[in-house]
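**Student:** For the record, the sequence lines run as chains L and H. Counting along the first sequence from 1, when you hit position 591 you're at 627 in my numbering, and nothing is skipped either side. Counting along the second sequence from 1, when you hit position 165 you're at 453 in my numbering, and nothing is skipped either side.
Rather than coming from a laboratory, the hints here were simulated on the basis of the structure. You may find that some hints are simply not true.
Listed below are the simulated DSBU-like cross-link pairs for lysine-lysine, each with C-alpha atoms no more than 30 Å apart in a straight line [stated by the list, open to error]:
hint, chain 1, residue 1, chain 2, residue 2
1, H, K420, L, K684
2, L, K684, H, K343
3, L, K554, H, K343
4, H, K343, L, K592
One side only, chain L facing chain H, incomplete, derived with CB under 8 Å [unchecked claim]:
hint, residue
5, E596
6, I683
7, L686
8, V693
9, M709
Each residue gets a CB set at the ideal place from its N, CA and C atoms; glycine is no exception.
Given next are the chains, with one letter for each unit.
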Amino acid sequence: MSVDLSQFIPNFLAESFEGLELMESSLLNLEQDDDETINAIFRAAHSIKGGAGTFGFDHVTEFTHLVETLLDEMRNGQRAIKQDDVELLLVSVDCMKMLIEAIRDESDYDKDKIDETYQLLLVALNGKEPDLLEIPSKSTDTTTTSKDGMLEWKITFIPEHHLVQTGNDPLLLFNALAELGELTVEANSSNLPSILDADPQELYLSWNLTLRSENATEELIREVFEWVEDECELTITQNKPIECEGHSTGTAENNPSTQPVEATKESIAIDTVTENAQLEKPVVKAAAKPATKSKVDVGSIRVGVDKVDSLINLVGELVITQSMLSELGTDFDISKVERLTSGLEQLLQNTKELQESVMRIRMLPISFAFNRFPRLIHDLGNKTGKDIELVLKGEQTELDKTVMEQISDPLVHLVRNAVDHGIEPANVRVANGKTAKGTITLNAYHQGGSIVIEIKDDGGGINRDAVYNKAVEKGIVDAGASLTDNQVFELIFEAGFSTAQEISDISGRGVGMDVVKKNIQALGGRIQIDSTPGEGSTFKVNLPLTLAILDGQLVKVGSETYIVPLITIVESLQTKAELINRVSGDMVLYRLREDNVPIIPIYELFGIESDAKANTLEEALLVVVEADGQKVGLLVDDLLAQQQVVIKSLDENYQQVEGISGATILGDGSVAMILDIPGLIELAMQNANQRLSSKLQSIGTEGAMI
Amino acid sequence: MDIQELVGEIPIEGEYSLEGIDFITSGEQYLTFTLANEQYAVDILCVEEIRSWEKPTIIPNSPSHVCGVINMRGVIVPIIDLRLKFTIGEAVYTDTTVVIVLSIDSDGCSKTIGFVVDAVSDVLNAEDTDIKSAPAFGGCVPQHFIAGLVNVGDNVVTLLNVEALKQLESHQLKARGEQWIKNT
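Make the full structure from the sequences, and use the hints.
**Tutor:** Put into structure tokens, the structure is as follows:
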């Protein structure tokens with residue numbers, strides 16, 4: 037019986053986290069008499085308890101057991117569903133999460149918090165009579181080592197029906213137990229069939245035993261049952277309260293004596309499979325610890341079978357195409373060229389589909405990121421005393437896993453911000469003729485090649501004047517400067533900027549919005565603000581679907597090929613001499629209908645030698661791109677193909693380069709740089725400033741000479 | 289001669305005594321190469337491969353000794369011209385010009401960088417005791433790049449500090465600004 041269970045621990049962890057998520061979201065939606073939801077919560081808790089028991093994570097089992105008992109009372113209608121209990125359960129879910137995370141990371145957890153919650157659960161389970169409040173602590177002294185230093189063990193022994201056929205007699209076991217101490221035996225005959233159905237060679241009884249002993253340990257008791265452990269369900273419990281980091285004698289079912297015994301029995305009856313597995317605990321204990329370590333950092337994705345199926349189909353097709361082509365190649369002559377081209381076309385198609393399928397495996401519905409928000413809103417609502425409703429839309433919109441992981445934190449920050457700054461207190465809302473309940477809407481949808489996530493609140497909107505004044509005060513903007521609404525809203529993203537009157541612990545320290553923007557930009561995304569006074573604000577986050585592959589336009593500058601992300605391109609055009617204007621001191625602008633677009637000559641910016649064609653601005657090719665709401669025209673020599681390129685990092689072996697977001701490998705094996713449009717614009721601006729200041733300097737020196 | 293015997297003659301590990309202090313050293317092998325008539329060497333264990341010269345893709349606004357990047361089996365590898373980096377000799381490309389690709393592993397991160405040299409010459413066996421410290425008498429190569437000197441016959445080979453080679457200067461905005469001003 038020495039199966040190495042530790043290999044299943046990652047599964048247990050993954051499933052537990054899923055279960056906890058389910059518990060949390062269900063608890064938030066829990067309403068009176070909602071049997072289905074409470075059953076779902078109970079099941080989740082139950083399987084976590086079972087799993088933890090199997091792997092010998094006793095502290096998790098002990099803790100979860102209380103949660104389960106509380107849930108069970110709710111489920112049976114013994115206990116009305118009260119907000120207090122729900123809150124307590126939410127805190128308990130946090131604690132369970134903390135315990136399981138501690139297992140995953142092999143780290144410590146906040147023992148005080150666990151103990152405190154544990155006591156609260158005990159109190160909740162025992163009703164709120166004040167004298168019972170004392171019991172948990174008292175029980176520590178009284179029952180664990182009762183007056184005379186005796187330990188009390190509860191043993192549940194449910195043998196399989198054929199136990200006696202293998203020559204085992206429960207009586208002998210009980211006699212052996214009695215040698216360890218004072219034994220009380222209680223038989224459970226409820227499973228006894230009618231006399232007509234009963235097989236005399238089968239055993240239908242189960243037993244609850246209580247052993248009071250000075251020196252019995254769990255190992256000693258288990259030793260007694262050693263010969264029958266495969267043929268029974270056995271639970272050994274020491275009567276004492278939780279001991280989280282306790283020695284190994286504390287077992288799965290550490291029922292505090294204060295708890296009704298019925299509850300224990302009941303849960304044992306349900307726990308058939310899982311608790312049986314607890315027998316392997318001593319084996320696991322040794323093996324489990326070192327095994328988990330190596331698995332800490334390995335991320336995993338749960339993928340729908342349909343995605344994998346389609347992948348396998350595609351690989352099948354690819355193999356067929358490959359064999360067709362290689363057959364063609366063995367005996368090739370020019371007459372078969374048509375078949376070759378069609379074969380190659382097929383190959384192209386296959387590769388493309390394969391690529392898409394592989395990409396789809398990395399795609400997860402955004403609900404993974406959205407899931408945490410109901411709880412966040414719930415907690416923040418409690419904290420701020422605001423009544424807030426959260427509406428989630430487009431949860432099935434899929435997003436690359438890496439993007440999802442990195443966007444989570446900025447989203448949380450934006451939502452906190454919406455709660456703290458966006459939604460007004462209820463009395464203000466009512467006074468302004470709005471409903472007392474505020475609404476925050478999270479919406480995700482696809483737009484072109486990117487995904488848009490909207491965080492919208494129906495609060496008071498951004499106070500334009502307050503932001504403006506603050507910016508003037510901080511010296512970010514000159515007093516009296518006229519700014520558009522958008523420019524004012526952009527100020528929020530300045531480092532250290534906050535308009536909150538009071539610093540709260542939710543937000544308002546001015547730390548964050550600049551980080552939010554930076555994180556989003558690091559993902560190649562952008563953020564826009566839209567706000568109407570009195571009606572609320574919308575933060576719109578625009579993100580690329582994936583970080584690994586990008587649709588690019590290949591352009592030629594001199595002898596170099598560059599890739600312009602297709603998503604940034606507004607249009608490409610041939611310049612006309614009459615539309616080029618040199619204004620305000622040699623700034624070159626191109627008139628694009630109503631817009632004046634500054635021209636960035638890439639060859640100059642990057643210091644590349646270019647064909648004469650691009651040097652003369654007339655009849656050159658201009659790729660108009662847009663980033664951060666700024667349009668610029670990139671002067672290039674030639675437009676080449678459009679293609680999807682795989683992004684390779686430059687700083688892996690080299691370092692980050694301004695204006696370049698990465699590199700890729702072209703069909704001929706050569707490397708091409710991918711342009712980072714926002715970076716490029718910034719670079720051009722820096723250059724222009726530098727040129728200006730050095731010009732001023734030279735004028736200054738000349739002036740001095742005169 | 290049997291190859292095994294040859295291998296046997298190369299000292300790999302041993303104990304040495306110098307002025308009463310015991311050293312346990314390992315005999316190291318170094319790849320030597322020429323840079324403008326001078327002999328240099330790097331630890332052979334760092335050498336990933338030796339490639340013929342091919343024109344790399346230019347990195348915009350990089351220092352002049354950074355030739356650009358190449359594709360080495362899907363990995364983007366920067367190419368540094370050692371002659372320009374050390375300001376010894378001219379960057380001329382001949383038939384013997386090669387790129388020594390080093391994989392430098394330190395501080396838990398590994399970098400793969402290619403270095404352009406005039407030619408590779410030999411594999412050198414040197415004990416730690418053979419390596420003399422370089423006198424601080426100027427020369428174009430900054431001191432921190434030099435791990436030591438080894439006498440080989442009448443020649444002196446400069447051992448390069450591979451870890452120092454890994455350090456790449458950050459791009460200098462200033463240089464570009466000047467260039468821009470020149471252009472306008």
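**Student:** Each hint needs a verdict: does it hold in this structure or not?
**Tutor:** Tested hints:
| no. | hint | verdict |
| --- | --- | --- |
| 1 | K420(H) with K684(L) | 42 Å, violated |
| 2 | K684(L) with K343(H) | 19 Å, holds |
| 3 | K554(L) with K343(H) | 36 Å, violated |
| 4 | K343(H) with K592(L) | 17 Å, holds |
| 5 | E596 | 6 Å, holds |
| 6 | I683 | 10 Å, violated |
| 7 | L686 | 6 Å, holds |
| 8 | V693 | 6 Å, holds |
| 9 | M709 | 7 Å, holds |
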